[in-house]
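One-letter residues, chain by chain:
Number of protein chains: 2
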Amino acid sequence: MIEAAADRFSAVGRITPLLSSPFLDEIAGRRVFVKAEVLQHTGSFKFRGAWSAISALAPETRAKGVLAFSSGNHAQGIARAAQLHGVPATIIMPKDAPALKIANTRALGAEVVLYDRKGGEDRNVIGERLRRERGLTLIKPFDEPQVIAGQGTCGLEIAAQATELGITQASVLTCCGGGGLTAGIALALEAKAPAMVVRPVEPEGFDDAARSLASGEIRRNTGPEAGFCDAILTPAPGEITFPIMQRLCGAGIVVSEAQTRKAMREAFLRLKIVLEPGGAVALAAALFHGDKLDHDAVIATASGGNVDAALFAQVLGEGA
Amino acid sequence: MIEAAADRFSAVGRITPLLSSPFLDEIAGRRVFVKAEVLQHTGSFKFRGAWSAISALAPETRAKGVLAFSSGNHAQGIARAAQLHGVPATIIMPKDAPALKIANTRALGAEVVLYDRKGGEDRNVIGERLRRERGLTLIKPFDEPQVIAGQGTCGLEIAAQATELGITQASVLTCCGGGGLTAGIALALEAKAPAMVVRPVEPEGFDDAARSLASGEIRRNTGPEAGFCDAILTPAPGEITFPIMQRLCGAGIVVSEAQTRKAMREAFLRLKIVLEPGGAVALAAALFHGDKLDHDAVIATASGGNVDAALFAQVLGEGA
Numbered sequence: 001m002i003e004a005a006a007d008r009f010s011a012v013g014r015i016t017p018l019l020s021s022p023f024l025d026e027i028a029g030r031r032v033f034v035k036a037e038v039l040q041h042t043g044s045f046k047f048r049g050a051w052s053a054i055s056a057l058a059p060e061t062r063a064k065g066v067l068a069f070s071s072g073n074h075a076q077g078i079a080r081a082a083q084l085h086g087v088p089a090t091i092i093m094p095k096d097a098p099a100l101k102i103a104n105t106r107a108l109g110a111e112v113v114l115y116d117r118k119g120g121e122d123r124n125v126i127g128e129r130l131r132r133e134r135g136l137t138l139i140k141p142f143d144e145p146q147v148i149a150g151q152g153t154c155g156l157e158i159a160a161q162a163t164e165l166g167i168t169q170a171s172v173l174t175c176c177g178g179g180g181l182t183a184g185i186a187l188a189l190e191a192k193a194p195a196m197v198v199r200p201v202e203p204e205g206f207d208d209a210a211r212s213l214a215s216g217e218i219r220r221n222t223g224p225e226a227g228f229c230d231a232i233l234t235p236a237p238g239e240i241t242f243p244i245m246q247r248l249c250g251a252g253i254v255v256s257e258a259q260t261r262k263a264m265r266e267a268f269l270r271l272k273i274v275l276e277p278g279g280a281v282a283l284a285a286a287l288f289h290g291d292k293l294d295h296d297a298v299i300a301t302a303s304g305g306n307v308d309a310a311l312f313a314q315v316l317g318e319g320a
Numbered sequence: 001m002i003e004a005a006a007d008r009f010s011a012v013g014r015i016t017p018l019l020s021s022p023f024l025d026e027i028a029g030r031r032v033f034v035k036a037e038v039l040q041h042t043g044s045f046k047f048r049g050a051w052s053a054i055s056a057l058a059p060e061t062r063a064k065g066v067l068a069f070s071s072g073n074h075a076q077g078i079a080r081a082a083q084l085h086g087v088p089a090t091i092i093m094p095k096d097a098p099a100l101k102i103a104n105t106r107a108l109g110a111e112v113v114l115y116d117r118k119g120g121e122d123r124n125v126i127g128e129r130l131r132r133e134r135g136l137t138l139i140k141p142f143d144e145p146q147v148i149a150g151q152g153t154c155g156l157e158i159a160a161q162a163t164e165l166g167i168t169q170a171s172v173l174t175c176c177g178g179g180g181l182t183a184g185i186a187l188a189l190e191a192k193a194p195a196m197v198v199r200p201v202e203p204e205g206f207d208d209a210a211r212s213l214a215s216g217e218i219r220r221n222t223g224p225e226a227g228f229c230d231a232i233l234t235p236a237p238g239e240i241t242f243p244i245m246q247r248l249c250g251a252g253i254v255v256s257e258a259q260t261r262k263a264m265r266e267a268f269l270r271l272k273i274v275l276e277p278g279g280a281v282a283l284a285a286a287l288f289h290g291d292k293l294d295h296d297a298v299i300a301t302a303s304g305g306n307v308d309a310a311l312f313a314q315v316l317g318e319g320a
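Residue numbers (this note's numbering), protein chains in the order written: chain A, 1 to 320; chain B, 1 to 320.
Hints are computed from structural coordinates only; laboratory data are not their basis. Possibly wrong hints are sitting among the right ones.
Chain A regions said to be covered by chain B (calculated; three or more residues, Cβ under 8 Å) [claimed, not checked]:
(1) 3-17
(2) 262-269
(3) 308-319
Interface residues of chain B toward chain A, partial, derived using beta-carbon atoms under 7 Å [claimed, not checked]:
(4) Lys272
(5) Ala313
(6) Leu316
(7) Gly319
Examples of chain A residues lying across from chain B (beta carbon under 10 Å, computed) [as the list claims (entries may be wrong)]:
(8) Ser21
(9) Phe23
(10) Ala36
(11) Val38
(12) Arg80
(13) Leu100
(14) Gly304
Backbone N, C-alpha and C fix where the C-beta goes; we use that ideal spot for every residue, glycine too.
Work the whole structure out from these sequences, hints included.
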């Protein structure tokens with residue numbers, strides 16, 4: 001399925017580069033490579049899964065339109081993939097999602113329906129009504145085989161690019177929300193680079209994947225719903241993604257907000273790329289959690305760059 | 001020479017991606033592609049020319065070390081290329097160059113010798129003394145055939161990437177200082193994509209290339225030496241680069257500081273890359289000078305990203 005997704009993706013997708021800098025190697029004490037998914041269409045890896053799922057639909061189903069729930073990056077991925085297919089997209093987003101993500105989703109041609117997650121509105125009720133009324137197909141953000149296959153195309157690229165650099169053994173760090181990217185990459189590497197070990201990375205307070213992997217069953221986050229790393233604050237790993245992660249991944253790694261902010265600054269300074277908080281946790285782990293890594297080479301996904309300018313400017317200012 | 005440089009470059013260099021965004025297309029009213037040289041090693045295209053020149057030296061000459069004058073990006077390119085070759089680099093830089101560029105050049109293993117350009121010190125006298133004392137080889141920043149050939153490798157990539165997208169006719173906008181990148185790309189496209197036209201772009205007050213092309217002979221800038229776009233404030237086109245530009249390039253384009261700052265913000269928002277001022281002028285021309293362009297597609301070089309965090313944060317703040 002991943003290779004079929006890669007075939008469908010090749011006409012429109014970008015092969016994102018694997019970046020490095022001697023300055024990052026020095027901080028980490030090992031070779032660090034960054035898979036720059038911020039350079040993917042719509043600024044995150046989510047376009048891969050969105051394209052995979054929408055391109056796999058039967059044409060008559062696709063023509064009626066697609067529906068998604070998303071705090072942002074999945075929304076933009078779905079909106080753009082639908083736009084390129086010429087079909088309508090309806091996106092249900094929380095009212096408090098970053099302004100840039102809401103605006104971008106609309107500008108990419110989607111109809112955005114906002115709901116008040118703090119006020120207790122149930123997005124599932126809203127979504128189910130829209131789905132039935134309009135005959136839409138729901139594209140889930142991660143617990144959906146075609147989405148996982150699409151994210152897996154990132155893993156195929158990592159395997160090919162690492163092989164070209166002569167690297168077969170590495171810790172592969174993923175920014176982990178519901179586990180779509182993590183599971184997809186793990187499946188691809190199982191086939192193409194079996195000596196690499198995927199390690200999901202999460203922010204403090206939202207370490208559901210790490211706790212689930214440690215305990216052997218799905219654990220939910222119990223703290224607040226919102227936080228700095230908005231893109232990856234999923235309540236729990238998925239029912240499809242978790243068994244894949246359990247079979248293939250090493251232990252999860254948890255990073256602090258301060259480490260995440262430092263990683264954003266280092267990516268700006270050394271790689272010239274823009275990371276959003278949720279897209280910076282894997283690099284934060286690569287730079288500041290070397291004691292938990294087993295390999296001389298580490299590959300970190302930089303999974304998204306859709307950050308408001310004001311926040312990014314603030315984070316840059318902290319480095320002075 | 002360009003193809004030989006590309007052969008030598010292939011072991012270490014990055015093929016930088018050609019990025020795009022529907023948001024940029026909308027601003028420009030045409031298809032916009034950005035050649036993201038900020039993702040090259042050391043954050044600018046200068047590594048190409050530096051690698052080309054140093055790798056072309058005879059081993060015994062190279063072993064004695066190289067010397068460069070540079071306000072920054074050429075310095076970092078030379079420092080890193082020398083470091084990777086295991087040979088010493090001495091870099092003469094103005095005291096008022098951006099702090100980040102001076103620090104990076106040192107951290108890449110080069111010896112940095114600072115001079116006071118405002119106080120009337122002559123860098124050529126300092127350089128000639130060091131060159132003789134140490135047996136160094138001077139690598140000029142642009143008026144040097146092997147450097148031009150190295151920058152030309154960027155043009156070979158543009159031709160190949162555009163062809164893959166089905167684009168054969170385009171305006172190719174270059175961020176132009178002394179003309180090394182401009183001449184190199186123009187030579188590569190003459191051979192590989194002859195229906196593309198290179199247009200050098202400069203900031204207001206430093207439009208020596210535009211005036212030289214218009215008049216048919218080399219014109220110098222007569223205003224201040226320093227300015228916002230520090231990377232490309234060369235006093236005049238080179239004696240080798242200018243005849244190449246004259247034979248192959250279309251008219252120069254001049255952009256304002258405000259347009260350059262807007263281009264930096266758009267690249268942050270839409271492409272997730274970091275542009276320094278001098279690396280943003282070509283995108284500024286693509287976005288805001290469409291009336292001067294002859295093609296439905298425009299390819300802009302984003303030539304460097306070595307900008308201090310404080311300045312970048314300030315530029316981001318202006319978009320609020």
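To see whether the hints hold, each was checked on the structure:
1. 3-17: holds (count 4)
2. 262-269: holds (count 3)
3. 308-319: holds (count 8)
4. Lys272: Hint on B/Lys272: holds, closest Cβ of chain A at ~3 Å, below 7 Å.
5. Ala313: At about 4 Å, which falls below the 7 Å cut-off, the nearest Cβ of chain A leaves the hint on B/Ala313 intact, so it holds.
6. Leu316: At 4 Å from the nearest chain A Cβ, B/Leu316 passes the 7 Å test, so the hint holds.
7. Gly319: With a minimum Cβ separation of about 5 Å from chain A (threshold 7 Å), the hint on B/Gly319 holds.
8. Ser21: 8 Å, holds
9. Phe23: 7 Å, holds
10. Ala36: For A/Ala36, the interface hint holds, since the closest Cβ of chain B sits about 8 Å away, which is under 10 Å.
11. Val38: 4 Å, holds
12. Arg80: 8 Å, holds
13. Leu100: This interface hint holds because 7 Å falls under the 10 Å limit.
14. Gly304: Holds, about 9 Å.
Going down the numbered hints, you'll see the structure goes against none, and every one checks out.
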